[in-house]
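Please take these sequences and the hints and turn them into a complete structure.
Protein chains in written order, with our numbering: chain A, 1 to 69; chain B, 70 to 216.
Every clue listed holds true.
One-sided and incomplete, this derived list gives chain B residues near chain A with beta-carbon spacing under 10 Å:
no.: 1; residue: Gly83
no.: 2; residue: Pro135
no.: 3; residue: Phe136
no.: 4; residue: Gly162
no.: 5; residue: Cys164
no.: 6; residue: Ser176
no.: 7; residue: Pro178
no.: 8; residue: Ile184
no.: 9; residue: Arg197
no.: 10; residue: His201
no.: 11; residue: Pro205
no.: 12; residue: Trp210
Derived by calculation from the structure, the hints in this document are not laboratory data.
Where a beta carbon is used, it is the ideal one built from N, C-alpha and C, also for glycine.
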Amino acid sequence: MNLFRSEEHVLRWLGRRDPGATITVVKLSELAHAWWSDRLAADWRPHAREQNQAILDELGLTGDFWRLP
Amino acid sequence: VDAELLEVRNATYGAFVELGRAPSAEEVAVATDRTSAEVEAVWRELHRAHALVLNPATNEIRMANPFSAVPTAYRVQSAGRWWYGNCAWDALGICAALHTDGRIETSCPDCGEAIAFDVRGQRPDDQRLLFHCLVPAAHWWDDIAFA
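Next up, the structure:
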């Protein structure tokens, strides 16, 4: 789960490996804030799978790649 | 969720932020009026529940996601301290968890060139950067340190 300077750098780093998923750092920040913002809250409770899947879905991160087990 | 697990988990995270590093079992034991062995037993349950990650060789905390207990390629300056994120997602997650702006420093895995940007109001100021996730979501916890 890395940051790259551009798509060209992603592709060169992948080499012959199958690509995973690429999103912008702006989208990643939206994801991180939706996913982690309650982590230090006194009333924190573990996220249910459905809760985490909803976060991904709401950000448009859909399809098999983003399907949680 | 078991109240004991939550208490130890919250004390562990609280100590991590207060100390700026992973707490020892002894430190959490003092904070929660338990023995170190009791804290370690709860940590193992939390590890199994993916609520934190232990070093299997030592039973010390390896990750209290998004925080890393060990140095990584993702350094985060936030809330007056430097932290390590487990990955790019977690690096931004540290700003999210602390509810603060921050600065993230890493390097491009392809060319090695330094990458540094500020996060203000939840927005990275270098919006050209891309995040690549190699492992599908279904397999993130197969090997969380790799993912």
